[in-house]
Each structure stands twice: as C-alpha cells, then as structure tokens.
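**Student:** Those protein sequence lines, which keep their order, are chains S and Z.
So the first sequence is numbered by our numbering: it starts at 18 and just counts up by one.
So the second sequence is numbered by our numbering: it starts at 18 and just counts up by one.
Note that these hints are calculated values from the structure, not bench results.
One or more hints might be untrue.
[Said to hold, decoys possible] Derived Cβ-Cβ restraints for the label pairs, each shown as a range:
| no. | chain 1 | residue 1 | chain 2 | residue 2 | range |
| --- | --- | --- | --- | --- | --- |
| 1 | Z | Q22 | S | L271 | 28 to 38 Å |
| 2 | Z | P109 | S | E158 | 37 to 47 Å |
| 3 | S | S122 | Z | S329 | 44 to 54 Å |
| 4 | Z | A29 | S | D202 | 43 to 53 Å |
| 5 | S | Q199 | Z | P109 | 36 to 46 Å |
| 6 | S | N71 | Z | N335 | 56 to 66 Å |
| 7 | S | A331 | Z | Q37 | 32 to 42 Å |
| 8 | S | M18 | Z | H336 | 51 to 61 Å |
| 9 | S | S122 | Z | H110 | 51 to 61 Å |
| 10 | S | N71 | Z | A330 | 28 to 38 Å |
| 11 | Z | H336 | S | T34 | 26 to 36 Å |
Even glycine gets a Cβ: it sits at the ideal position worked out from N, Cα and C.
2 protein chains.
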Amino acid sequence: MNERQIIEYIAAQADPTDGQLLKGIGDDCAVIRKDGNRVWLLTMDTLIESVHFNRDFHPPEKLGRKAVSVNVSDIGAMGGKPVFVLLSAGMPHGFDEAWFRAFVSGLTEACREYGCFIIGGDTVASPGGLTFTLTVIGEAEADQVVYRSGARPDDAIWVSGPLGLAAAGLELLNAGIEPDNQAFDLLREKHLNPQARVSLGQQLAASGRVHAMMDLSDGLATDLAHLCKQSGVGARLFARDLPGVAMLADAARLTGCDPERWALSGGEDFELLFTANPDESFHLGGIAEACGLSIFPVGVIVVGVGVTLIRSAADGTNHEIAIAYQGFDHFRNGNGG
Amino acid sequence: MNERQIIEYIAAQADPTDGQLLKGIGDDCAVIRKDGNRVWLLTMDTLIESVHFNRDFHPPEKLGRKAVSVNVSDIGAMGGKPVFVLLSAGMPHGFDEAWFRAFVSGLTEACREYGCFIIGGDTVASPGGLTFTLTVIGEAEADQVVYRSGARPDDAIWVSGPLGLAAAGLELLNAGIEPDNQAFDLLREKHLNPQARVSLGQQLAASGRVHAMMDLSDGLATDLAHLCKQSGVGARLFARDLPGVAMLADAARLTGCDPERWALSGGEDFELLFTANPDESFHLGGIAEACGLSIFPVGVIVVGVGVTLIRSAADGTNHEIAIAYQGFDHFRNGNGG
Numbered sequence: 018m019n020e021r022q023i024i025e026y027i028a029a030q031a032d033p034t035d036g037q038l039l040k041g042i043g044d045d046c047a048v049i050r051k052d053g054n055r056v057w058l059l060t061m062d063t064l065i066e067s068v069h070f071n072r073d074f075h076p077p078e079k080l081g082r083k084a085v086s087v088n089v090s091d092i093g094a095m096g097g098k099p100v101f102v103l104l105s106a107g108m109p110h111g112f113d114e115a116w117f118r119a120f121v122s123g124l125t126e127a128c129r130e131y132g133c134f135i136i137g138g139d140t141v142a143s144p145g146g147l148t149f150t151l152t153v154i155g156e157a158e159a160d161q162v163v164y165r166s167g168a169r170p171d172d173a174i175w176v177s178g179p180l181g182l183a184a185a186g187l188e189l190l191n192a193g194i195e196p197d198n199q200a201f202d203l204l205r206e207k208h209l210n211p212q213a214r215v216s217l218g219q220q221l222a223a224s225g226r227v228h229a230m231m232d233l234s235d236g237l238a239t240d241l242a243h244l245c246k247q248s249g250v251g252a253r254l255f256a257r258d259l260p261g262v263a264m265l266a267d268a269a270r271l272t273g274c275d276p277e278r279w280a281l282s283g284g285e286d287f288e289l290l291f292t293a294n295p296d297e298s299f300h301l302g303g304i305a306e307a308c309g310l311s312i313f314p315v316g317v318i319v320v321g322v323g324v325t326l327i328r329s330a331a332d333g334t335n336h337e338i339a340i341a342y343q344g345f346d347h348f349r350n351g352n353g354g
Numbered sequence: 018m019n020e021r022q023i024i025e026y027i028a029a030q031a032d033p034t035d036g037q038l039l040k041g042i043g044d045d046c047a048v049i050r051k052d053g054n055r056v057w058l059l060t061m062d063t064l065i066e067s068v069h070f071n072r073d074f075h076p077p078e079k080l081g082r083k084a085v086s087v088n089v090s091d092i093g094a095m096g097g098k099p100v101f102v103l104l105s106a107g108m109p110h111g112f113d114e115a116w117f118r119a120f121v122s123g124l125t126e127a128c129r130e131y132g133c134f135i136i137g138g139d140t141v142a143s144p145g146g147l148t149f150t151l152t153v154i155g156e157a158e159a160d161q162v163v164y165r166s167g168a169r170p171d172d173a174i175w176v177s178g179p180l181g182l183a184a185a186g187l188e189l190l191n192a193g194i195e196p197d198n199q200a201f202d203l204l205r206e207k208h209l210n211p212q213a214r215v216s217l218g219q220q221l222a223a224s225g226r227v228h229a230m231m232d233l234s235d236g237l238a239t240d241l242a243h244l245c246k247q248s249g250v251g252a253r254l255f256a257r258d259l260p261g262v263a264m265l266a267d268a269a270r271l272t273g274c275d276p277e278r279w280a281l282s283g284g285e286d287f288e289l290l291f292t293a294n295p296d297e298s299f300h301l302g303g304i305a306e307a308c309g310l311s312i313f314p315v316g317v318i319v320v321g322v323g324v325t326l327i328r329s330a331a332d333g334t335n336h337e338i339a340i341a342y343q344g345f346d347h348f349r350n351g352n353g354g
C-alpha cells in the first residue's frame with residue numbers, strides 16, 4: 018500500500034455520518050461546526066526522527082518551530098486562523114533534556130508568532146527515536162473556508178513562492194555540503210525552519226476570489242493531483258513557469274540532482290497552491306504583496322483528469338508528460354518530506 | 018525529567034490566553050467553546066510499539082480497539098460524548114498490510130460502538146516501529162463537564178471497577194503464562210482490549226452529583242495525586258477497600274508480584290475515579306448498575322496535600338504510607354502503561 022491507498026482504505030472504513038461535520042478526510046483540515054457561521058478546523062501532523070528530521074543537523078529550536086509550521090500551514094491553506102495546539106511528545110529514556118527544552122522553546126515561540134498555544138497532549142517513552150505529533154485547531158468563517166474541491170476548468174493555478182527549495186536544502190544537509198553561500202543558507206533554512214503562509218491563506222480566503230486551495234507538503238505533482246481529484250478536473254503545468262528552478266541550479270550541480278524534479282516532487286515547500294479566475298491575477302498579487310510575498314502562475318485547470326507537465330523543446334514543439342502523484346510518498350520513497 | 022516534570026515544563030511555556038479556552042493542560046481533556054452552553058472536549062493519546070503494546074501477543078483488532086478506548090476514556094471521564102477522531106499512523110516500510118487492515122477494522126469498529134468516527138489525520142513512515150496517535154473530540158454541556166479540580170474535603174472517593182487487572186494481565190502476557198484459566202482471560206483482556214466507561218461517565222456527570230472525576234490510566238496512586246493537586250486537597254485510601262485485589266492473587270503468586278502494588282500503581286485500568294458527597298452512594302451506585310457496572314468506595318478526601326494509604330495490621334493498629342505519584346511514569350518505569 019502506498020500513502021494514498023492507506024488513506025483511502027481508512028476513509029472507506031470511517032463512515033462519517035454526523036451533521037456537525039462539514040468536511041472529513043480528503044482536505045488539509047477536517048471542518049466541524051462551532052457556532053452560527055463559525056467553524057473549527059482540525060489538522061494533525063507527525064514528525065519522526067530519521068524520517069522527517071536528522072538531529073545531527075537540525076537545531077532543536079528550529080525543529081520545534083517546524084513542528085508548528087507544518088501544522089498551521091494546513092489551517093492557513095483553508096483560510097483559517099490557528100488557535101489551539103495539542104502536542105504528543107515521544108522520547109527515548111534518558112533523552113537529552115537541554116535538547117528537549119530548546120525544542121519546546123522553539124515550539125512555543127512559533128505558537129506565539131502564529132497566534133496559537135498548547136492546551137494539552139501526551140508524553141510517552143519512544144525507544145525507537147523522537148516522535149512528535151501535533152493537532153492544531155483553527156477557526157474560520159464557514160462561508161470563507163476554501164476547500165481543495167472548488168477548482169474549475171480555465172482557472173489559473175498559482176503557488177505562493179519558489180518550489181523545491183526545501184528538497185534542495187535537505188539534499189545539501191544530507192550531503193554535508195556547507196559552503197559559505199547565502200543562497201544555500203536560504204535552501205537549508207527552507208528545510209530546517211519553513212514559514213507557513215497563514216496570513217496569506219487567510220487573506221486569500223477572505224477575498225472570496227479563490228476557488229480551491231491547499232498547502233504544498235508532498236510536492237506539486239502529488240498535491241495538485243489531490244486538488245484535481247477533489248475538484249473533478251485536470252491540470253496542465255508549464256515547466257518554464259515553475260518558480261525557483263533557477264535558484265536550485267548550483268545546488269543541483271553540486272549534488273547531481275535535477276532541479277525540475279525538486280520543484281515538482283520535492284516535499285515540504287509549505288507554499289500555498291490555489292486556483293482562481295485568471296482575471297484575478299492583479300488583485301491576488303496585491304494581496305500577496307501586502308504580506309511581503311509574491312504569487313506565481315504555474316498552469317491551468319482543464320476538463321479531464323490527471324496532471325500534465327508541458328515542456329517546450331528547443332525546436333518549439335511541446336512535450337506532455339503525465340506527472341500526477343509523482344511527489345513524495347512515505348511508503349514509496351526512501352526518505353524525506 | 019519525569020513525566021510530570023515534562024508536562025509542567027510544557028505547561029509553563031504554553032501561556033494560554035484565549036477566552037474560548039475553558040480548560041487547558043492539567044485535566045483529562047482540554048475544553049473549548051462550541052456554542053451557547055455546549056463545549057468541545059479534546060484529548061490525545063499515543064500508543065508506541067514495545068512500550069504500549071507487543072505485537073507478539075496483541076492481536077491487531079484488539080489494538081485498534083484499544084487505541085480508541087484509551088482516548089474516549091478521557092472524554093467520558095469529563096462527562097462528554099466522543100464524536101470525532103483524528104488518527105496519525107506511523108508504520109515501518111514494508112509493514113504487514115493484513116495486520117494494518119485488521120488494526121483499522123478494530124479501530125473503526127470501536128469508533129462505531131462509542132459513537133464517533135475518523136475525520137482526518139496523517140500517515141508517516143516510522144522505521145523505529147509502529148506508532149499510533151489519536152486525537153478524539155467530544156461534546157458536552159458546559160455546565161455538566163466534571164473537572165479534576167472539584168473534589169472537596171469529606172468527599173468519598175469511588176472507582177468504577179476492580180483495579181490492577183490490566184497490569185496483572187500484561188505481566189501474565191509478558192511472562193508467557195497462558196493456563197486454561199478464565200480468570201486469567203479476564204486479566205489479559207483488560208490489557209489487550211479495555212472498555213472505556215463512557216456511558217457511565219456521561220451519566221455521572223449529567224447527575225450533577227459528582228464533584229471531581231478522571232480516568233485511571235497511570236494507576237490510582239498517581240492519578241488520585243493529580244486529582245488532589247488540581248483540587249487543592251489530600252486523600253486517604255483504605256487498603257482493605259481496594260477492589261479487585263483478591264482477583265489478582267493467583268496471577269501474583271505465579272509471577273511473583275504484589276497484588277496491592279498492581280492495584281495502586283498498575284497503569285491502564287481505564288476505570289473512572291470520582292468523588293462526591295458520601296450520601297450519594299446509593300444514587301451513584303444506581304447509575305452504575307443501570308450501566309451494568311458497580312462502583313467501589315476506596316477512600317476519602319481530606320484537608321491537606323498528598324495521598325496516604327491506610328493499612329490495618331493484624332493487631333488492629335493502622336499504618337499510614339504516603340503513596341502520591343507512585344504509579345506508572347514513562348520516564349521512570351522501564352515498561353508498561
């Protein structure tokens with residue numbers, strides 16, 4: 018079973034039948050009723066040692082921050098505001114207390130920055146290594162929540178930042194390549210301490226102009242395929258428009274990797290992926306600019322299924338490649354996101 | 018740091034300041050506002066392979082059921098009804114798919130029985146072994162929620178069933194002792210497939226007669242100490258009243274263990290621990306009987322701090338022993354609950 022099959026198997030058993038549930042399995046968050054027009058958004062993400070992080074090069078403060086960011090990213094991607102956090106911390110006997118205090122310090126600092134705080138959880142012994150699971154609860158207006166399922170044919174597709182940087186940074190860290198190079202610092206920081214686009218997500222949702230949105234955690238090829246499946250549409254991406262590929266060139270050369278592959282299949286970008294009428298470009302760009310960010314058009318939603326990458330050859334011809342679900346999969350890939 | 022110090026350290030950093038939060042760290046569940054007089058209860062528990070379960074003798078269906086029971090037990094212990102479940106499943110590469118399907122089947126079956134269902138979660142690779150974290154969301158009337166903090170001097174203390182059975186069952190399983198003995202089946206089943214007292218908890222809470230309540234997960238000595246600390250009181254337990262000790266005698270003899278220690282310090286009983294005016298005995302017993310259960314008085318709340326065990330010697334004299342926090346601690350004990 019791959020990751021998608023596992024989730025589909027669980028979803029098929031789950032059998033949801035409650036009027037207080039607005040959205041169950043299949044989006045960034047589950048959505049349950051709060052009061053009047055307000056809802057609670059619920060998301061859960063786990064970080065496991067030697068899978069999601071390597072203690073040799075991941076400072077504990079940054080890991081604590083990341084544990085929060087990867088979760089609040091899901092809240093922001095539906096237009097919500099993070100409010101509460103539950104933390105389950107699994108640690109080996111005789112764990113390093115200074116390390117743990119620094120981890121908690123980074124975690125609570127990030128909570129404050131995103132406007133949420135810890136209200137409960139669990140602590141357990143974990144002889145197989147450190148494991149941290151967070152549940153984050155966010156709040157939103159019910160009629161402003163943006164789901165994965167709203168994309169429409171002829172929508173433009175945007176991302177909120179360059180792609181593949183976190184994957185490149187992880188590769189540099191794994192390879193032990195640490196030259197004095199500011200561009201590489203940026204790549205490494207995207208893996209070690211990603212920033213979630215929570216304010217941007219809230220403002221895009223509040224604008225009422227975005228049809229579908231999610232965060233990029235498993236790579237564009239997989240995440241866009243999820244969005245298309247939920248929306249009952251297909252997508253065409255243009256290789257020349259993938260933002261950030263030029264920033265990856267040096268790291269790719271040094272590590273022998275393919276920058277386009279990082280951009281399409283590298284996990285953990287935690288940028289927003291969203292669709293809207295192409296006419297909204299100026300307005301949505303203005304919203305991003307007010308958040309200190311840029312948005313980049315990468316393709317178009319079409320009638321159909323799947324995700325196709327369009328690559329223009331030197332002779333002017335276009336090549337089309339099916340890339341749906343070519344991103345990170347815990348049970349197919351060996352390591353990473 | 019022991020388990021309590023870890024939680025206190027996190028709580029000190031957490032800095033809760035939100036008007037929508039009725040209760041944060043320090044009770045069975047966090048309590049957040051829903052609408053009018055309704056609240057959502059949130060709890061999170063993790064089961065880790067070789068700490069909480071041994072795949073050699075824990076059938077996957079029963080483990081799936083237990084993952085739900087240990088969580089909904091916290092909801093019931095505050096008087097709530099479980100509604101929604103988030104599941105984070107960490108599994109090694111090449112995990113046993115038949116095992117996993119059986120686990121999910123037990124989990125969803127237990128969800129149906131307790132009246133809740135899965136609405137989201139996460140799946141990750143976990144090379145160190147299986148790890149499952151559930152967050153359960155329950156619902157309650159705000160003015161019916163029973164906290165740990167309401168115990169009053171002269172309250173009687175009850176538990177909803179015999180104590181130490183799960184610890185004895187685990188010891189028998191670990192020792193490989195499997196004689197054809199129905200009493201032992203009962204002990205083993207208490208470890209493998211405990212039942213959460215959710216209906217009883219809801220009805221005790223709805224009666225308005227219970228001052229403080231929690232579930233027994235780390236053993237009476239530790240859990241009662243938590244309840245006393247939250248309530249600003251002390252407690253006296255009577256050794257002769259501990260229910261279930263006689264049921265443990267054979268298992269204790271075979272394994273060389275102390276039955277009273279199992280009853281006081283064995284984890285994972287998942288019975289309810291609650292306090293009320295001693296005059297309520299008849300009424301509360303009737304509520305339990307309607308649920309097919311019995312309640313057992315084990316002691317009394319007193320002015321002061323700590324938990325004292327009163328043991329009557331053969332000569333009629335009483336011996337008092339301080340036992341607060343002598344229950345299971347993940348970071349002090351080697352293995353178990």
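**Student:** Now, for every hint given, state plainly whether the structure supports it.
**Tutor:** For each hint, the structure was consulted:
Separation of Q22(Z) from L271(S) is about 45 Å and departs from the stated range, judged on CB atoms against 28 to 38 Å. Checked against the given bound of 37 to 47 Å, the beta carbons of P109(Z) and E158(S), roughly 42 Å apart, stay inside it. Between S122(S) and S329(Z) the beta carbon distance is about 50 Å. The supplied range of 44 to 54 Å therefore holds. A29(Z) and D202(S) have their C-beta atoms about 33 Å apart, which leaves the hinted 43 to 53 Å range violated.
Against the hinted window of 36 to 46 Å, the Cβ-Cβ separation of Q199(S) and P109(Z) comes to about 39 Å, which satisfies the hint. At about 57 Å, the CB distance of N71(S) to N335(Z) agrees with the hint of 56 to 66 Å. Checked against the given bound of 32 to 42 Å, the beta carbons of A331(S) and Q37(Z), roughly 59 Å apart, lie outside it. At about 58 Å, the CB distance of M18(S) to H336(Z) agrees with the hint of 51 to 61 Å.
Separated by about 33 Å at the C-beta atoms, S122(S) and H110(Z) break the suggested range of 51 to 61 Å. Distance hint check for N71(S) and A330(Z): the Cβ-Cβ separation is about 58 Å, which falls outside the suggested range of 28 to 38 Å. For the pair H336(Z) and T34(S), the beta carbons lie near 55 Å from each other, so the given range of 26 to 36 Å is not met.
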